[in-house]
Amino acid sequence: MLRPIRTLAAAAAALALVSACNSASNQSDPGKPGPAGDSRGVTADSIKVGGIVSMTSASGYSKKDTDLGAKARYLRANAEGGIHGRKIDYLGAEDDGQDPGKNMAAARKLVQQDKVFAVSPMSSVTFSGADFLEQEKVPTFGWGTLPSFCGPKYIYGFNGCLVPTPGGTLNQTWPEGIGKVLGGAQGKSVAIIANDSDAGKFGIRTFQQGFASAGFTVSYAKASVPGTAVPSDWSAYVKDILESNGGKAPDAVVSVMQTPNNIGLFTALKRSGYKGLLSDPTDYDPGLLAKDATKQALDGVHVLLQFQPFESADPKMAQFKADIKAAAGGQDVPLNMHMLTGYMSADLFVSIAQKAGKDLTVESFQAAAQSFSDTGTLVGDRAEPKGQKDSFGCGALVQLKNGAYEVSVPFKCYEPIPFK
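Be aware that the sequence shown starts at 1, since it is given in this note's numbering, and climbs by one per residue.
Everything labelled a hint here was simulated from the structure, so no lab data went into it.
The list that follows gives simulated cross-link-like pairs (lysine-lysine, PhoX-like), each with its CA atoms no further than 25 Å apart: (1) Lys420 / Lys201; (2) Lys137 / Lys358; (3) Lys153 / Lys115; (4) Lys291 / Lys64; (5) Lys321 / Lys412; (6) Lys275 / Lys180; (7) Lys270 / Lys222; (8) Lys291 / Lys270; (9) Lys295 / Lys270; (10) Lys386 / Lys355; (11) Lys201 / Lys389; (12) Lys321 / Lys291; (13) Lys412 / Lys316; (14) Lys115 / Lys102; (15) Lys275 / Lys401; (16) Lys316 / Lys64; (17) Lys153 / Lys137; (18) Lys137 / Lys109; (19) Lys153 / Lys389; (20) Lys389 / Lys355; (21) Lys102 / Lys64; (22) Lys239 / Lys270.
With beta-carbon atoms standing in for the labels, derived distance ranges: (23) Asp240 / Gln319: 39 to 47 Å; (24) Glu363 / Gly215: 45 to 53 Å; (25) Asp240 / Lys180: 25 to 33 Å; (26) Ala229 / Ser373: 42 to 50 Å.
A virtual CB, placed ideally from N, CA and C, is assigned to each residue, including glycine.
Please work from the sequences and hints to get the whole structure.
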């Protein structure tokens, strides 16, 4: 019997429950999957999956809707019959609070106590549990914005590896997109700023190379903002940025930070009179528009997306919206990128598990991943194990303008560049 998935629409939950009960009572069903053997988290009726998400954080920033996105995809998979007759028993996501210790504790709990087959989604700025999950051979899926998504055999980024090691490639969506907005990169300068953390430093390294390769002059590239608390005074950072281009302001300022920092930095830049392009990879969230101060701070900002914008007419986006509504109990809820992160993490897991066949084990799952590919998804064309070394190379830019998001650079796949 499956555990109920919290917050699902009542009718869908009832359908899943009835299907599970029927399956449990009909052992002679010829379509029923065979025994799962000793594979952790897999029974004749179900596949146990859990998540790790930063539901809370010291700054107030939350990725909680990542959990809803994953539930939405698992709900549809179950409504369609599950994975070769097995329903997905999604336990929900553990909250790591963006704390390395809690991230490790969550990974251990899911494996040692809950005995999950897979962790999907994993969405946090810290991934201290990565080595443990790799050692325990737990297929793990999330947004590949951390080095741990690049290289390990059992860890997968839903849009590939976005922070590669030398020998891998870099996604050029951001610099190419900003170049299009500015009418070309040649003769243009960009300042890149990040938090003083391992992720921030790696982000500076990768995007500095990417923007330079696209033809920009990188006038400023520092991981200098404290990662533990949002600064109350941004004047020193603003001064350095506005003088970085030979004593002048750069044509674009790119922030590799989360929303609270972006609000502070962009507000300070605007108050200084800065008229250049502002961009970040975080603030695509209609919920941010509820407060006038936030809406004003982010007005005009171009946000990097590595998936089809919600404004897209793609049928798969319509399916995503319908799935989210079902998972939210039939309510229309504001969409955000965290939902898409959870949804596509779950989608990649489901797609590979389907390919693995009825005899689902970690070994059969990994074998299926070694030759997995599909096309036309909300993140473009996917392929494994390519995605464990390279980005899938696709994305778009949207701009917050007059209280609404508009597509400023349509979704497109760009040729990645070698990472040095």
